[in-house]
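Enquirer: As you go down the protein sequences, you meet chains A and B in turn. The numbering of the first sequence is my numbering, which starts it at 239 and goes up by one. The numbering of the second sequence is my numbering, which starts it at 1217 and goes up by one.
By construction, these hints were calculated from the structure, which means they are not laboratory data. On a predicted model such as this, the values are computed, not experimentally measured, just so you know. Possibly wrong hints are sitting among the right ones.
What the hints assert, rightly or not - The calculated BS3-like cross-link candidates involving lysine-lysine, where the alpha carbons are at most 30 Å apart (straight line), are:
#1 B:K1392 x A:K478
#2 A:K293 x B:K1375
#3 B:K1375 x A:K340
#4 A:K478 x B:K1400
#5 B:K1400 x A:K470
#6 A:K341 x B:K1359
#7 B:K1281 x A:K340
#8 A:K293 x A:K397
#9 B:K1392 x B:K1330
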Amino acid sequence: MGFTLDVEKFRDAVVELIRRTSTNLPEDVLAAMETAREGEKDGSPAKSVLGFMLKNAYTARENSTPICQDTGTNIYLITIPEGVSLRKVESAIVDATREATKKTYLRPNAVDPVTGKNTGDNTGTMAPFLHFDEWDEPAIRVQLALKGGGCENVSDQYKLPDSRLKAGRNLDGVYRCIIDAINTAQGLGCAPGVAGIGIGGDRASGMIIAKKQLFRKLTDTNPDPELATLEKHLFHDLNKLGIGPMGFGGNTTVLGVKIGTAHRLPASFFVSIAYMCWADRRRSMVFKENEVSYD
Amino acid sequence: MIKLQLPVGETQIRRLQVGDEVLLNGIMVTGRDAAHSWMIEEKPDEVRELLKNTMIYHCGPIVRKSGGTWSFVAAGPTTSIREEPYQGDIIGEYQVRGVIGKGGMGPKTLAALKKYGAVYLHAVGGAAALLAQAVVKVHDVIKLEEFGVPEAMWVIEVKDFPAIVTMDAHGNSLHKNIREQSTKIASRLIGIE
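Using the sequences provided together with the hints, build the complete structure.
Expert: Okay, here's the thing in structure tokens:
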């Protein structure tokens, strides 16, 4: 069960993965939006806005153009077999990113925070963002999410206890933080969004857990029954807020709530919320020596 | 649906109300963070004629150049509130009749809309593929080298570009209303009324 990396083939496969992610919204997201549209009143702005979003998604798919011009932070979760060079994988992904930018699947989005200069090709320090794991399969799995700046700006992190929200260090406290975060976000993160939640960890790992939740399908069920219940409860209550698509009012404020956890320090209890816009662009591929499959 | 031809006069803009759906036609200009601070700090004269009686679109597009001609590939709105410190003054200084973006803006801009006769138009965020199709021609680009593609000021011609009035020249803001309502519900859900 050996695996030898053909760097060039891998790079080309990643370019195709970027194209698919940027231009083709996942089926479960489209289905959730179609259901949401059904649930809005006839003649309401909510219904027409959801219709416009769906039409946009189908147009982007048909024309192979980006769904949204903000192709955002490129977040990669990469799972490799033992012995594959991380540096080679990283450099192939960086090359693929440059190529995908040239092909206008991605907007030049990497800006030096000191000089203000845009590198023009989406590469730079921590850009794209890569996270590596290892598995036993003779293949590389690459999961990619494109997360725009509007929804990143409304993502948030709470520290429990929080006296304003009367939130203690328990799941009720977590519930309070998330209600507050989504209400604070209003339509600014391009509602209806998906709330990826990380409970625990430190400030960095908690947010990574939150972002990892965004790779889950909207239709899945949390394996932890207590968290599964909280996800359902939050989904129901958040959609009572009335914020609606783009914040114009309506019954659809979120398309999903996904919760993960990480062990925390005795002194810290963070609740991290990674808000993902309705243009919930995530795709994956499994790259084998003689075959590439995309999902 | 109300068709608006750009350039547009103050009287026509003052007739618009929150909730009106409009289709924009004519020439407008994109501008976001770098452009807004530039317009306030350096008060450039080169954009005066361009901005008078038209709209600023908060947008950082994906563009393509073929055969020396630019075109828009993806061009949805960006978050407007970042321009709150500048927007009201820019509307006054350059006689802009409106801004198009997403998420709405704050009290300073709302006051300027009333004072100078302008509106805030909300486009559907993320709907970049469809909105780019409404951009029929790129006439010019300002500060491309210095600001980069997303931040440059693109002078574009639009045809039936759809948007909704969410802040009008009468002091009304849909965003303020929705926030007040949802905050009441949130407080009730977590029992901190």
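Enquirer: Run every hint past the structure and note whether it holds.
Expert: Hints, one by one, checked against the model:
| no. | hint | in the structure |
| --- | --- | --- |
| 1 | B:K1392 x A:K478 | holds, 18 Å |
| 2 | A:K293 x B:K1375 | holds, 18 Å |
| 3 | B:K1375 x A:K340 | holds, 27 Å |
| 4 | A:K478 x B:K1400 | holds, 11 Å |
| 5 | B:K1400 x A:K470 | holds, 22 Å |
| 6 | A:K341 x B:K1359 | holds, 23 Å |
| 7 | B:K1281 x A:K340 | holds, 11 Å |
| 8 | A:K293 x A:K397 | violated, 40 Å |
| 9 | B:K1392 x B:K1330 | holds, 16 Å |
Violated hints amount to a single one, hint 8; each of the other numbered hints is respected by the structure.
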